[in-house]
Amino acid sequence: NAGVTQTPKFRILKIGQSMTLQCTQDMNHNYMYWYRQDPGMGLKLIYYSVGAGITDKGEVPNGYNVSRSTTEDFPLRLELAAPSQTSVYFCASSPGRSNEKLFFGSGTQLSVL
Amino acid sequence: DAKTTQPPSMDCAEGRAANLPCNHSTISGNEYVYWYRQIHSQGPQYIIHGLKNNETNEMASLIITEDRKSSTLILPHATLRDTAVYYCIVRVVGAGNNRKLIWGLGTSLAVNP
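Chains A and E supply the protein sequences, listed in that same order.
Letter by letter, the first sequence follows residues 18 to 130 in my numbering.
Letter by letter, the second sequence follows residues -14 to 98 in my numbering.
Same shape as in the complex, but just chain A:
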């Protein structure tokens, strides 16, 4: 199994541009998450989803949007990129509500210049 797959691995954006970070998992997990990690820091939760059609905000949702039309896919959208969104983004999934054994993707390194 591939697990959690993120694309792209690297991206440079100009201020004001938009992009979508893709995330897909093949483990049939209900829960999916988007985190960002700034240099030398821990992970901050952006958005999460408990199943197809259901999403909710995390700690730092401003400037981002998500959708969950299928169990497998959980894309993260940046509408108007800002330098403060320069970070490494990780997507993760977990089996269920009381199980926080998260499986992470390999990350997307994003720079906004």
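Keep in mind the hints are simulated off the structure, nothing from the lab.
Among these hints, one or two may not hold up.
As the list claims (entries may be wrong) - Label-pair restraints from in silico Cβ distances: (1) Pro56(A) with Glu43(E): 28 to 34 Å; (2) Ile71(A) with Thr57(E): 17 to 23 Å; (3) Ser(-6)(E) with Ala99(A): 50 to 56 Å; (4) Gly80(A) with Ala(-2)(E): 24 to 30 Å; (5) Thr11(E) with Gly57(A): 34 to 40 Å.
To be verified - The calculated lysine to aspartate or glutamate pairs, modelled on EDC-like cross-linking and capped at a C-alpha distance of 16 Å, are: (6) Lys85(E) with Glu76(A); (7) Lys54(E) with Asp(-4)(E); (8) Lys(-12)(E) with Asp73(A); (9) Lys61(A) with Asp73(A); (10) Lys85(E) with Glu51(E); (11) Lys37(E) with Asp52(E); (12) Lys85(E) with Glu16(E); (13) Lys37(E) with Asp67(E); (14) Lys118(A) with Glu40(E); (15) Lys118(A) with Asp52(E); (16) Lys61(A) with Asp43(A); (17) Lys31(A) with Glu96(A); (18) Lys37(E) with Glu51(E); (19) Lys85(E) with Asp73(A).
The beta carbon of each residue, even a glycine, is placed where N, CA and C say it ideally should be.
Got chain A; can you put chain E on it based on the hints?
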């Protein structure tokens, strides 16, 4: 804010046990302790979790004090591949019974030959 405190860095000799401490003095009775690690630039990897009993799996052992205010992750025979940042995390239960992992800064473990 993170509910855990960890030393920023530690060293360990290859083949010896690595004991990583974590302080979580404000933990509530229903909050679990989780450990993840992050090898350079990769997505975090789940290690182990527990509530109040000691736990062991193929990767590590988790020792939680009787008052649950601190815990220790033990890697019994550290190898060079165990060099990573280790995160001690408390799973909090928020509004709507939502469970979330609150990530701190972690301990950077260097295993030396």
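Against the structure, the hints:
{"no.": "1", "hint": "Pro56(A) with Glu43(E): 28 to 34 Å", "in the structure": "holds (32 Å)"}
{"no.": "2", "hint": "Ile71(A) with Thr57(E): 17 to 23 Å", "in the structure": "violated (37 Å)"}
{"no.": "3", "hint": "Ser(-6)(E) with Ala99(A): 50 to 56 Å", "in the structure": "violated (32 Å)"}
{"no.": "4", "hint": "Gly80(A) with Ala(-2)(E): 24 to 30 Å", "in the structure": "violated (45 Å)"}
{"no.": "5", "hint": "Thr11(E) with Gly57(A): 34 to 40 Å", "in the structure": "violated (24 Å)"}
{"no.": "6", "hint": "Lys85(E) with Glu76(A)", "in the structure": "holds (10 Å)"}
{"no.": "7", "hint": "Lys54(E) with Asp(-4)(E)", "in the structure": "violated (24 Å)"}
{"no.": "8", "hint": "Lys(-12)(E) with Asp73(A)", "in the structure": "violated (22 Å)"}
{"no.": "9", "hint": "Lys61(A) with Asp73(A)", "in the structure": "holds (14 Å)"}
{"no.": "10", "hint": "Lys85(E) with Glu51(E)", "in the structure": "violated (24 Å)"}
{"no.": "11", "hint": "Lys37(E) with Asp52(E)", "in the structure": "holds (9 Å)"}
{"no.": "12", "hint": "Lys85(E) with Glu16(E)", "in the structure": "holds (10 Å)"}
{"no.": "13", "hint": "Lys37(E) with Asp67(E)", "in the structure": "violated (25 Å)"}
{"no.": "14", "hint": "Lys118(A) with Glu40(E)", "in the structure": "holds (15 Å)"}
{"no.": "15", "hint": "Lys118(A) with Asp52(E)", "in the structure": "violated (24 Å)"}
{"no.": "16", "hint": "Lys61(A) with Asp43(A)", "in the structure": "violated (24 Å)"}
{"no.": "17", "hint": "Lys31(A) with Glu96(A)", "in the structure": "holds (12 Å)"}
{"no.": "18", "hint": "Lys37(E) with Glu51(E)", "in the structure": "holds (7 Å)"}
{"no.": "19", "hint": "Lys85(E) with Asp73(A)", "in the structure": "holds (12 Å)"}
Figure legend: structure checked against the earlier numbered hints; hints not met, in rising order: 2, 3, 4, 5, 7, 8, 10, 13, 15, 16.
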